[in-house]
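Student: Listed in order, the protein sequences are those of chains A, D and C.
Each residue of the first sequence is one higher than the last, beginning at 1 in the numbering used here.
Each residue of the second sequence is one higher than the last, beginning at 1001 in the numbering used here.
Each residue of the third sequence is one higher than the last, beginning at 2001 in the numbering used here.
Treat the hints loosely; a few may be bogus.
What the hints assert, rightly or not - Looking from chain C toward chain A, a few residues come up when the C-beta cut is under 8 Å (computed): (1) 2364; (2) 2365; (3) 2371; (4) 2376; (5) 2377.
Unchecked claim - Distance condition first, Cα-Cα at most 27 Å in a straight line; then the derived DSS-like pairs of lysine-lysine: (6) 373(A) x 2057(C); (7) 1110(D) x 421(A); (8) 410(A) x 2323(C); (9) 1167(D) x 1214(D); (10) 75(A) x 2057(C); (11) 1127(D) x 1153(D); (12) 2087(C) x 2171(C); (13) 2146(C) x 2057(C); (14) 71(A) x 2057(C); (15) 373(A) x 2323(C); (16) 2323(C) x 342(A); (17) 342(A) x 410(A); (18) 1024(D) x 1011(D); (19) 2087(C) x 2113(C); (20) 454(A) x 1124(D).
As the list claims (entries may be wrong) - A partial selection of chain D residues facing chain A, derived with a Cβ cut-off under 10 Å: (21) 1081; (22) 1093; (23) 1097; (24) 1145.
In short, the hints are calculated from the structure, not lab data.
Everything numeric in this text was worked out from a predicted model, so none of it was measured.
Where is the CB? At the ideal position from N, CA and C, for every residue including glycine.
The primary structure of each chain is shown beneath.
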Amino acid sequence: MSDAIKQQNESLSTLNADYAAKYGFHDPVDYFHKGARGLNHEVVEMISRMKKEPRWMAERRHEALDIFYSKPMPKWGNQQALGEIDFENIYYFMKPIERQQDNWDDVPEYIKKTFDRLGIPEAEQKFLGGVSAQYESEVVYHSMKEDLKKQGIVFLDMDSGLREREDIVKKFFGTIIPSTDNKFAALNTAVWSGGSFIYVPPGVNVTVPLQAYFRINAENMGQFERTLIIADKGSRVHYIEGCTAPVYSTDSLHSAVVELIALDDAYIRYTTIQNWSRNIFNLVTKRATVHKNATVEWVDGNLGSRLTMKYPCIQLVGEGARGEVLSVAFAGVDQHQDAGAKMIHAAPNTSSRITSKSISKDNGRASYRGLVKIHKNAVNSKVSVECDALLIGDDARSDTYPTMEIDSEKVRVEHEARVSKVAEEQLFYLTSRGLTEDDARLLIVNGFMEPFTKELPLEYAVELNRLIELEMEGSIG
Amino acid sequence: MTQSKAHFEFKDIHVEVEGKEVVKGVSLTINHGEIHAIMGPNGSGKSSLSNALMGHPNYTITSGEARLDGKNLLEMSADERSRAGLFLAFQYPLAIPGVTVANFLRAALKSHRGKDADMSDFRKLLKAEMSDLSVDPSFATRYLNDGFSGGEKKRVEILQMSMLKPKMALLDETDSGLDIDALKTVADGINRYHNDQNAILLVTHYQRLLNYVKPDFVHVMMNGQFAKSGGPELALKLEESGYDWVEKEVLQKAEV
Amino acid sequence: MTTMNKTDVEYTIPEVTPELERGPVWLRDQRRASREAFNVAEVPPRGLHLWRYTDPKTFLYDRDAVADTAYSENYDIVEKIELDNLKNGNIAALATDLGGRDIKLNGADELAKQGVVLSSLSSAVEHHHELVENYLYRLVNARTGKFEAMNGALWNDGIFVYVPDGVTVDKPIHLLRESGLARSSQFPRLLVVVGKNAELTLIDEYGGGSLDENEGISHANGAVEIFGLEDSRTRYVMLQRQASAMKLYLTHRAQIERGASMLTVPLAFGALLSKENFGVTLNGEGADSNMYGLLFGSGYQHFDNHTLHHHAADNTSSNIDFKVVLKDRSHSAYTGLIRIDNDARTCQAYQENRNLLLNEGVRADTIPELEILNEDVQCSHGATIGPMDPESVFYLEARGIERDEAIRMIVSGFVDHTLKTVPDDLRQRIGTFVAQRLERI
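In isolation and in its complexed conformation, chain A is listed as follows (with noise of 0.2 Å):
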């Protein structure tokens, strides 16, 4: 047996802790800067000038301000969740400290407290190629192994990007997903504060996973990062997100923008684990551009969360071009995780695949809505889109909305979706080598993860095994 294996059961048989004690807890903190609730043209001045930024990003904010006031809230989707989001009783700028540290002793105790809770040094020393950690708006902690520096690769968080590389940025910036793309990315624009911006030169690999985390502290926080990588051609990265945020009893809205650029030849993959606590919002707008042959593969896991809308978009434009989507979603008591993937394909020879699972356990809703779109020109096409849903107890509820809009004709097309619950038949065999009923269930369910969770750096695919084991023991929130 392999030692991943080893480590992974090892790992399993000692965790007990809930929710509420490792990620709920909440540091009382005098922020450097907290800007009042609501949001107007002076919130947007506010941030980009405590920022000092360039003219033009500021420009950019007022006018997607703009566009967030003109856009109507989304007409499909949990209307009654959406009407829950009250825009104007939410923070849109919190810093918590005055500058940016790359020494882990030099980060404000608290800070460091809650990231050391969260295993974020931790997870550096053992295995990945840089961190930076988000605390409300603003990157607090950011480090990079010196060889990648050498190599000539630009991790940072995006407001140093911003600063440091502002030629990069000012050329891809919102090229992706442009303010008019939808209200919340118009938000996300005049809003930004943090996020990751990454640029690997071309032709060099990146060896080791780059990460990031994110955590929203304060009560009625909206937190808005920003993030772009452009892999150049011939390069290779995997970065990897993880989020948390403390339990609350009022919402906190998370709307982030990721961008990616995968020139030709590349390959990016991008994985994130997000583990909102209940009462957060959690609307993200993501995509990606892939060129000549270059590849984007999309890992997404969804806990918690009051309602999640995220359909991480591919747009494959250059021939030979590859995308993939490997989702999974868990919606437990009071949750409804809205999820799917968008697959436009814009060029001959491409192909893509999208592997959705949910889970919906009590009341919980998961919604899988994906969009496959075959242009004309993306003729020898291949498309295949799976979604598996499994659903626990009696008011759990499965939805799939696939749409598959085909205008070229030499193009394969699959899709299949499934919905079952944990058959009686595996649970009794289970039990009948003396598992109890609660542990079989749980073994099953993370069987049907596993296409998922074999997909994950061994952490983080200990960290979701834990995190499902605790949904299924009801224990959080």
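Go by the hints and put chains D and C onto chain A.
Tutor: For chains D and C alone, kept in the frame of chain A given last:
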């Protein structure tokens, strides 16, 4: 034979499946160290009996009792029966996609012992047992019964038995689908497991497994009842002459 | 939310029309309520996914444009064929319906001996008013949508079929609906009630319409309501072979009770543009619904089809197989929804949509949806879109078969499985419809 000596016993067991009675009052007492075989034609109720004893939700025991070392099994859920020492090797083991054999066995062992096994001990044990049963080491990381051949599934059932060391093993058609080499391997596994502290109840259609695992008693099941009991010679006679003569005997008795 | 623009409303139904004055008080009330609903309802926004592929304004037209228009010469031929079928005992009765106005019945007297009613809706309103009042507008009404309200207000006459409890109609009843030529509009309506443990086969054929876009489009907005009471068995074949300058909107709703079964066969062959919506509610325990759809598109035809299987009771089962074949510049959008209510336990539901694309320039959209509100289900769906395998065409050509014939053979093979699942006595009839359509592929 006194009550206390009996290791595993069931009395007047009636089983219903989807409202239809398939086992109509059977009783048996098995002492430590004994091997019993239940033989019978297809549809005679053998598998229903073993599934019901293990606590399968689709097989309802409508009356009767079953005890393992004096403990009332029928009050227990399937996992409690397992932890009490009862084991059923399934006729058709189910696939559990995504769950590796190793993870599954570790979870099962943990539930039996109440604590996690030491990792290196577990690996040693698993490796040894797999090697004894000629199970390829790669099976540890394969998904449980997922894509296994019939023979592989049966060997993995016996592997589970060797690891969990139950006090009482019910083996349901464990010989079916095995070629002769696999049959010997499986029989060796059963014999290695068997000692004077445990007992085995084999459920089988054919006699061929009994060439390798010698039963002390053979019971013939027909139409949901034990029609006849005897020693190992009964199995041989059934192999030679089929089940018809037993049926006739039963009918004659009924007429008398 | 912005208020509706004036320009969004292209047509409102005036306060007085001949239809609104037709029928007894209850019916006039229904019509007026429908008119009201139509006039206040917004045009569905294109953002709603059911309207993503077809502009709703296509179906807003002035009823006053309706004139007593001429009908195609071909109609006499088609009518003759069915009259022969009646004479030869292939069908039990024939009802013809010109433009939702002029209903003629053939063989209805014979059916009446069994207690079976085949009549015009206007006559049924008088002679079977309890049945009609009880069932009409129950499944397709002002709440269903703007265009359903439009039909509800403006239908002129329609067809009513009633099979009493325990009666089996052993041959199909054929309904022949003919639309008028250019610039006509019609609002056909059908109400069917199949009694407890009764059995009915209905072939509902929609033909006619404008043949030439240059002369003008013709429109139809149809509504079909079918009730299958306990343990009834209903088979409904809807053959849509309307002319090439016809635009059709049709809403079909069926509701089946405990132990009832329903077979629905939508054959979408004709019209320039059609939006057809087929829905079955499984309303009683053990109800079973099968739907086998076939769609052949060529030229510039545009099809927008929906199917709905709504499981509202325990142990209900449904199955949909919808096959699409597209040629030239035709376009098909198919949306299939399976919904299983929270209190509908141990249901089974399957749905399959396969699309065969015969050349470049066609477009196929498919949205197979699931809404599952409890765990105790077995449910799956699949969709595929792909071109005709050039290897198979080549293989047949290499054996001396002409290319067009080779393609027809492969298309026949593609739909053959569907035809095989249709009951024997219907297979031949449907096979003929399919063969006729295939000749033009």
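Student: Please name the hints from earlier in the document that this structure breaks, with their numbers sorted from lowest to highest.
Tutor: Violated hints: none at all, because every hint is consistent with the structure.
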